[in-house]
Amino acid sequence: MQRTMSDRVDIVLIPIISLFLAFSISALIIAGIGEDPFEAAALMVSGALGSAYGWGYTLYYATNFIFVGLAFAVAFHARLFNIGGEGQAMLGALGTALVALHIPWPHWSLALLGCGIGAALFGAFWALIPAWMQARRGSHIVITTIMFNFIAAALLNYLLVNHLRPEGSVAPGSALFPDAVHLPTLHDILSPLGFAFSKSTPANITAFLSVAAAILLWFFLWRTRTGYEIRTFGHSENAARYAGIDPFRITLIAMGLSGALAGLMALNATMGESERLILNPTEGAGFIGIAVALMGRCHPLGIVLASILFGFLYQGGAELALWTSIPRELIVVIQALVILFTGALDNMVRMPIERLLARSKRARSKA
Amino acid sequence: MSELAADLIPVLDSTLRLSTPLLLACLAGLFSERAGVFDLGLEGKMLAAAFFSAAVAFLTDSVWTGLAAGVLASVVLALLHGLASISFRGNQLISGIAINFLAVGMTAMIARSWFGLGGHTPALEGGSRFDALHLPFEGIVAQVPLVGPLYAELISGHTILVYLSLALVPMTWWIFYRTRLGLRLRAAGEAPDAVETAGISVVGLRYIAVILCGVLCGLAGAYMATGLHAGFVNEMTAGRGFIALAALIFAKWRPWAALWSCLLFGFLQALSLRPDLFERHFSIHLQLQLLDALPYILTVVILAGFVGKAIPPKACGVPYVKGGAG
Numbered sequence: 095m096q097r098t099m100s101d102r103v104d105i106v107l108i109p110i111i112s113l114f115l116a117f118s119i120s121a122l123i124i125a126g127i128g129e130d131p132f133e134a135a136a137l138m139v140s141g142a143l144g145s146a147y148g149w150g151y152t153l154y155y156a157t158n159f160i161f162v163g164l165a166f167a168v169a170f171h172a173r174l175f176n177i178g179g180e181g182q183a184m185l186g187a188l189g190t191a192l193v194a195l196h197i198p199w200p201h202w203s204l205a206l207l208g209c210g211i212g213a214a215l216f217g218a219f220w221a222l223i224p225a226w227m228q229a230r231r232g233s234h235i236v237i238t239t240i241m242f243n244f245i246a247a248a249l250l251n252y253l254l255v256n257h258l259r260p261e262g263s264v265a266p267g268s269a270l271f272p273d274a275v276h277l278p279t280l281h282d283i284l285s286p287l288g289f290a291f292s293k294s295t296p297a298n299i300t301a302f303l304s305v306a307a308a309i310l311l312w313f314f315l316w317r318t319r320t321g322y323e324i325r326t327f328g329h330s331e332n333a334a335r336y337a338g339i340d341p342f343r344i345t346l347i348a349m350g351l352s353g354a355l356a357g358l359m360a361l362n363a364t365m366g367e368s369e370r371l372i373l374n375p376t377e378g379a380g381f382i383g384i385a386v387a388l389m390g391r392c393h394p395l396g397i398v399l400a401s402i403l404f405g406f407l408y409q410g411g412a413e414l415a416l417w418t419s420i421p422r423e424l425i426v427v428i429q430a431l432v433i434l435f436t437g438a439l440d441n442m443v444r445m446p447i448e449r450l451l452a453r454s455k456r457a458r459s460k461a
Numbered sequence: 071m072s073e074l075a076a077d078l079i080p081v082l083d084s085t086l087r088l089s090t091p092l093l094l095a096c097l098a099g100l101f102s103e104r105a106g107v108f109d110l111g112l113e114g115k116m117l118a119a120a121f122f123s124a125a126v127a128f129l130t131d132s133v134w135t136g137l138a139a140g141v142l143a144s145v146v147l148a149l150l151h152g153l154a155s156i157s158f159r160g161n162q163l164i165s166g167i168a169i170n171f172l173a174v175g176m177t178a179m180i181a182r183s184w185f186g187l188g189g190h191t192p193a194l195e196g197g198s199r200f201d202a203l204h205l206p207f208e209g210i211v212a213q214v215p216l217v218g219p220l221y222a223e224l225i226s227g228h229t230i231l232v233y234l235s236l237a238l239v240p241m242t243w244w245i246f247y248r249t250r251l252g253l254r255l256r257a258a259g260e261a262p263d264a265v266e267t268a269g270i271s272v273v274g275l276r277y278i279a280v281i282l283c284g285v286l287c288g289l290a291g292a293y294m295a296t297g298l299h300a301g302f303v304n305e306m307t308a309g310r311g312f313i314a315l316a317a318l319i320f321a322k323w324r325p326w327a328a329l330w331s332c333l334l335f336g337f338l339q340a341l342s343l344r345p346d347l348f349e350r351h352f353s354i355h356l357q358l359q360l361l362d363a364l365p366y367i368l369t370v371v372i373l374a375g376f377v378g379k380a381i382p383p384k385a386c387g388v389p390y391v392k393g394g395a396g
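Chains C and L are the protein sequences, given in the same order. Last residue of the first sequence: 461 in the working numbering, with the numbers rising by one and none dropped. Last residue of the second sequence: 396 in the working numbering, with the numbers rising by one and none dropped.
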């Protein structure tokens, strides 16, 4: 397919300009609370990318965001707005924990497979109920997935307080997973190869899994029949119906896959990092998936790049909060601005650019 | 029986208090969505209003200045939503989500920067909070059995915003079903082309709706920080904007039904504060997490169409392009 100028603007220019706008406003806010924005930026870069420790956390966060970003994107390609990534990832964490705690795994690799199946099934299940309701009962999927986020949080809270809490423990949280389930960290993987990676960071083998998931999703969406059907359904439901594509099937496949990918985030966060089920296993990552997917234009490569950027922002933001008076919530503001500019105000960014391009084209054809 | 009544009145009393922010936010959503603008940002607008009302009330020692500041903050966010979803015809859902995050981040940052208390305002007292209003003859009527305590403890003794929110229900109904503006607002949400054909601006109507939505969310947030509680705490709205959204669907976008569903969801919140009362009288063990999830579960059931069908305004969520397909 020939890419037009407008496509290129959409894929490259708009995310970059939106990011620039978001950063500029954030810089003004930092200046507004009496700190130097340039110093803050330098501190974020050195804190997140200047050491193996910083990279370890940046990659850990990025891995979470890749999974939930891909989850949002696959549903979005079918024009299904899945805001339920947060709840689906929570259910994924529950699935991971149940599998890790109740089966005596001999080796981490088998456990990873088992927990992965558990996480994906639980996440998919939580997405399939709203999907079924949308396809069969016409219930708005945005509303139902929001409701399911809250129901998931209440369910997890109930299970942790009443059933999964080990005896004698006061804090709501499950027992620690057994040692055999412990995943190799990037330190364990890289040190035999001669790289000295930081020991004390949670980045682990699932970082590679997330990239593999991105590649597989790309193949699925652009190189298989079902992927094509999903994208067709997203572009025009009427055209898809006319071409004999079953809306019910596509809605369930796209949402099931979306929920499964969101659930898989638990392999990194629950199995790789906390190594037990905690009350808030997602820490809001499900919503960052929306920002990451919008910024990455719902393309797997874009999502991986945007996830690394957000991983950098998260780790850099934590360093900022540690060393300056700039609070961690700055990242939430940046995240909000990125969502606003890339998702809701993209016409505001696009219209002037397209006008400018059209003018330069006219000038060239005249000359 | 009288013991039950004595226990029930405080629960109903807190039901009324807890329903108030839900009702104000629910009516806010009603204005916006009946005119065709979907609003996921009720929560964010409430939070911004809660912070600015508490902060300004503390700094000026006047709850009314605080209320004005809270409403203003909420209206600013509402206008941002209008800019994105009406003027630039962007995705209304995404805009709402962005506004929620913007409010969470900005309020926490400004709160830390202004007060340095780890993200909350100092406790409000005296003139920087809304006082309870005592209705006339409270002391005398209280002597009357059954009716007396109801009047003195349940109906009397709330802040002015509680009574205002209740009065807003018939007012909203009247505006929507008995005035020209209401008819036009409903038409903008159902058949915007017809409105434009009649020579009335859909864009203008939708901006009016979005601003009214901002004002009502502002009242809801200000009530939380200066009426229900004494100050702002990080993320203090705690999902109430979404419960209000659920109530709006539960009420099928109608004002009176909005009152009943907000009272129901407020009652569930009041119960989860005092589960012991319920257990004592009915010997039923209440699962707190189930109470928390019940508004959402009920809304999902309604959405599934098993108990009546909730159909949103027809053009809700669709940006209006003048002259049809744009």
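Calculated from the structure, these hints are not laboratory results. Computed from a predicted structure; not experimentally measured. A hint or two may mislead.
Restraint ranges, calculated between C-beta atoms of paired labels, are given here [stated by the list, open to error]: (1) C:Ala-415 - L:Ala-264: 51 to 59 Å; (2) L:Leu-149 - C:Pro-341: 53 to 61 Å; (3) L:Ile-354 - C:Leu-416: 30 to 38 Å.
A few chain C residues that don't get close to chain L, going by computed Cβ distances all over 10 Å [as the list claims (entries may be wrong)]: (4) Arg-231; (5) Val-236; (6) Gly-288.
Calculated pairs, SDA-like style, for lysine to any residue (alpha carbon to alpha carbon, straight line, at most 25 Å) [to be verified]: (7) L:Lys-392 - L:Ala-308; (8) C:Lys-293 - C:Ser-454; (9) L:Lys-384 - C:Ala-334; (10) L:Lys-392 - C:Val-139; (11) L:Lys-392 - C:Lys-293.
For each residue, glycine too, the CB sits at the ideal point set by N, CA and C.
Checklist entry - Given the proposed pairing of Lys-293 of chain C with Ser-454 of chain C, does the C-alpha separation stay at or below 25 Å? => result Outside the cut-off at roughly 54 Å; violated.
Checklist entry - How does the Cβ-Cβ distance of Leu-149 of chain L and Pro-341 of chain C compare with 53 to 61 Å: does it lie in that range? => result 37 Å, violated
Checklist entry - Against chain L, does Val-236 of chain C keep a CB gap of more than 10 Å to every residue? => result 6 Å, violated
Item to check | Ile-354 of chain L versus Leu-416 of chain C beta-carbon gap, inside 30 to 38 Å or not | outcome: Given range 30 to 38 Å: violated, Cβ gap about 49 Å.
Next on the checklist: With the threshold set at 25 Å, check whether the alpha-carbon distance from Lys-392 of chain L to Lys-293 of chain C stays at or below it.
Outcome noted: 60 Å, violated
Item to check | Exclusion check [Gly-288 of chain C not at the chain L interface, CB over 10 Å] | outcome: 42 Å, holds
Checklist entry - In this structure, is the beta-carbon distance linking Ala-415 of chain C and Ala-264 of chain L contained in 51 to 59 Å? => result With Cβ atoms ~53 Å apart, the hint holds.
Checklist entry - Between Lys-392 of chain L and Ala-308 of chain L, is the straight-line Cα distance small enough, at 25 Å or below? => result 38 Å, violated
Checklist entry - Straight-line Cα separation of Lys-384 of chain L and Ala-334 of chain C no greater than 25 Å? => result Between Lys-384 of chain L and Ala-334 of chain C the Cα gap is close to 23 Å, so the pair holds against 25 Å.
Next on the checklist: Against the 25 Å threshold, does the CA-CA distance of Lys-392 of chain L and Val-139 of chain C hold or violate the hint?
Outcome noted: 46 Å, violated
Item to check | Assertion that Arg-231 of chain C lies farther than 10 Å from chain L (Cβ) | outcome: 5 Å, violated
When each numbered hint is compared with the structure, violations occur for hints 2, 3, 4, 5, 7, 8, 10, 11.
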